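Build the full structure now, drawing on both the sequences and the hints.
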Amino acid sequence: MNTRRNILDRITAALVPLYDAREARSIARYYVAEAARLPLSALLADPDAEVRIEHFDEDLARLAAGCPVQYVVGAADFFGRRFAVREGVLIPRPETEELVAWILADEPQARRILDIGTGSGCIAATLALELPAAELFAADISERALAVAAENCRALGAKVVLRQADALTDLAERFPERFDLLVSNPPYVPECDRAAMHPNVRDHEPPEALFVPDDDPLRYYRAIARAGRRMLAPGGRLYFEIYHRAGDALVRMLSDEGYGAIRLRNDMNGKPRMLCARLA
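Each residue of the sequence shown is one higher than the one before, starting from 0 at the first, in numbering that gives the first Met the number 0.
One thing to keep in mind: the hints can contain errors.
To be verified - Computed cross-link-like contacts, DMTMM-like style, restricted to lysine to aspartate or glutamate with a CA-CA straight-line distance of at most 20 angstroms:
#, residue 1, residue 2
1, Lys158, Glu142
2, Lys158, Glu176
3, Lys158, Asp179
4, Lys270, Asp192
5, Lys158, Glu129
6, Lys158, Glu134
7, Lys270, Asp247
8, Lys158, Glu106
9, Lys270, Glu97
10, Lys270, Glu94
11, Lys270, Glu96
Quick caveat, the hints were computed from the structure, so don't treat them as lab data.
None of these values were measured; they are calculated from a predicted model.
What follows is the structure in structure tokens.
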């Protein structure tokens with residue numbers, strides 16, 4: 000009989016070569032809860048109950064090969080909501096939840112917001128639901144990402160205008176509206192740091208959503224800042240998720256591009272991972 004405990008043990012044993020024991024167990028619990036449609040509490044309260052999971056052996060092989068559990072189950076949690084995710088679309092991160100929380104705390108009166116590089120739509124949909132008086136727009140260059148974002152917006156009842164756009168070239172042309180706020184979690188990991196990343200991210204999540212050239216690591220931030228001079232209303236603000244080693248360079252660049260009141264904020268791990276700047 001396949002009990003919940005036995006299934007958890009099998010998954011944990013398969014994952015220990017890739018993760019430490021605690022993280023492996025956490026991934027195993029998340030997988031079983033999602034795949035068996037059980038609350039996490041049930042895994043702890045009745046570990047010897049029988050459990051049936053379709054395609055378990057196939058899923059276990061994918062997990063053991065380093066595929067992120069969110070891709071295996073097709074979902075990720077973000078800001079208390081469930082978002083569909085697919086391979087080729089970046090998995091929502093807790094650090095990005097912190098960026099959204101900052102915006103909600105500081106910008107409750109924002110009336111028109113654009114999320115650039117929306118991916119799964121987690122930022123745009125969350126802001127649309129938490130700020131119902133605001134108009135939300137979202138951009139991505141990837142048709143696959145836009146399809147997943149549209150799926151999530153429909154499922155959650157979030158009103159978001161989605162358009163395909165390249166942040167490096169035609170953002171202002173595709174979004175001629177005037178915005179109070181631009182927010183983005185763009186690609187920001189320098190290629191030189193690729194090898195040091197955990198294989199489950201480096202080898203499975205979309206590289207075009209992660210990496211930037213070593214000789215121009217701020218390329219997306221610079222392009223968005225320049226577009227923002229045309230797109231933002233007077234006093235409008237940029238909110239960025241950033242690479243933890245890029246803060247000082249970003250402050251200098253944004254100042255050169257005509258932005259002021261620049262603030263860096265640390266994430267839950269004490270690293271500078273968020274930035275806000277106001278169009279002067």
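We went through each hint and held it up to the structure:
{"no.": "1", "hint": "Lys158 with Glu142", "result": "19 angstroms, holds"}
{"no.": "2", "hint": "Lys158 with Glu176", "result": "16 angstroms, holds"}
{"no.": "3", "hint": "Lys158 with Asp179", "result": "17 angstroms, holds"}
{"no.": "4", "hint": "Lys270 with Asp192", "result": "17 angstroms, holds"}
{"no.": "5", "hint": "Lys158 with Glu129", "result": "11 angstroms, holds"}
{"no.": "6", "hint": "Lys158 with Glu134", "result": "8 angstroms, holds"}
{"no.": "7", "hint": "Lys270 with Asp247", "result": "13 angstroms, holds"}
{"no.": "8", "hint": "Lys158 with Glu106", "result": "18 angstroms, holds"}
{"no.": "9", "hint": "Lys270 with Glu97", "result": "12 angstroms, holds"}
{"no.": "10", "hint": "Lys270 with Glu94", "result": "10 angstroms, holds"}
{"no.": "11", "hint": "Lys270 with Glu96", "result": "15 angstroms, holds"}
In this structure, none of the earlier numbered hints is contradicted; all agree with it.
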